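Guided by the hints, dock chain B onto chain A, whose structure is given.
Number of protein chains: 2
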Amino acid sequence: MSSNKEEVKLFGLVESPFVTRVEIALKLKGVEYKYEEEKWGNLSETLKKYNPVYKKVPVLVHNDKPISESLVILEYIDETWKQNPILPSDPYERALARFWTKFIDDKCLNVMRKVSFTLDEKERENAIEEMEVALQFLENELKDKFFGGDEIGIVDITAAFIALQEVMGLKLFTSEKFPKLFNWSQNFNNHPIVKEKLPPKETYLAFYKARLESLAASK
Amino acid sequence: MSSNKEEVKLFGLVESPFVTRVEIALKLKGVEYKYEEEKWGNLSETLKKYNPVYKKVPVLVHNDKPISESLVILEYIDETWKQNPILPSDPYERALARFWTKFIDDKCLNVMRKVSFTLDEKERENAIEEMEVALQFLENELKDKFFGGDEIGIVDITAAFIALQEVMGLKLFTSEKFPKLFNWSQNFNNHPIVKEKLPPKETYLAFYKARLESLAASK
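The listed protein sequences correspond, in order, to chains A and B.
FYI, the UniProt record's numbering numbers position 170 of the first sequence as 170, with every residue one higher than the one before it.
FYI, the UniProt record's numbering numbers position 161 of the second sequence as 161, with every residue one higher than the one before it.
Isolated chain A (complex conformation) (with noise of 0.2 Å):
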């Protein structure tokens, strides 16, 4: 669907769910991009061009002009390609969407950051406790197949990272605790594009080992 003057291309990490987030949404959309993968502890150049405030991925570079921060990357997306819309187009509805978007980002990762990566137990299970709080949100505001309707909205691939828990295994919520959180990650995951662009699980937990292995050794 991109005309033949436009040129998008996207830095990025394969175990970055940020990254995820902005690979599934120009799917969605149908927009072609070229991928340039960068190297963990060690990014480009010109990545850090592009992003001179936070030197991270993901970075949207479209028509030589880039952009940073996946939240801000997936609005632009959205105003620009305006096919299949993630956001609402009511705005008391767009608000609660932000809203939602925003929750994910400073809640539910923060606390899920401490219960994967924190090696003490008793911190763990605090942590655990302030991520039941955080997912009961979710869970009350669940009230269709995706946060956004019958389709995947902004809300739906902000919480990729949370549906992943569940396909690397690591049963953070079941589905006695949380069903429609539940159901949902089984509806996202198994979406057709999700499950082109989610990276395989293997990929994610060996990741999610080294980090671990390193925090071990850290100690």
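Treat each hint with caution, since some may be false.
[Unchecked claim] Derived DEER-like restraints, expressed as beta-carbon distance ranges:
#1 P52/B with S175/A: 23 to 31 Å
#2 N126/B with S175/A: 45 to 53 Å
#3 E45/A with E121/B: 36 to 44 Å
#4 S89/A with D106/B: 24 to 32 Å
#5 Q83/B with K82/A: 20 to 28 Å
#6 S44/A with A210/B: 43 to 51 Å
#7 D64/A with E132/B: 26 to 34 Å
#8 K145/A with K5/B: 29 to 37 Å
#9 K209/B with P52/A: 35 to 43 Å
Worth flagging that the hints you see were computed from the coordinates, not collected in a lab.
For clarity, every value in this text was computed on a predicted model and none was experimentally measured.
The beta-carbon is built from N, C-alpha and C at its ideal position, and this holds for glycine as well.
Okay, now just chain B, sitting in the frame of chain A:
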């Protein structure tokens, strides 16, 4: 400019720079609203019902529909009342504006909090260094009178608390070190609507002093 049918309420705290953001935006748009002052440390049940996730101000209630999180509210205001836009119309310019609002909230806010409320001298020095790196990015970004160009935009509104440092005479940035930011803070603070909506300097200073005293007392 609001019709008879519309009811706009804002739940706030006079010392909150997040509430100030929403007030400036509503005033710029010429939207009439009813302001409900909450009590610090003793928020109303209504507020908690409207914002069950964070239990924080500001909450904007438009025709009985509550919206939380100041940046989400600012986008809602811009989408709902189209006059005097605070976001640019071009998608790339919008992405940049969103990037900088996020930068101000994620980086500048935390580091300025540290600078203002750290009692340890060494920690404070480190925080000042960190703050200067962050402010330098904003300094480089300022091309016009305001971040929004000739008029106040969403980045200016988000950065209100930075301009306020000047009002408070904290001298966290000087005209020598950050000439463009310094000029911006003068222009911003002297804008008629900002002048009307920024709480009196004394209110902030009293609040600031009280927080410092309670910090010192809890050491």
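Query raised in the report: Hint numbers the structure violates, sorted upward?
Result: none
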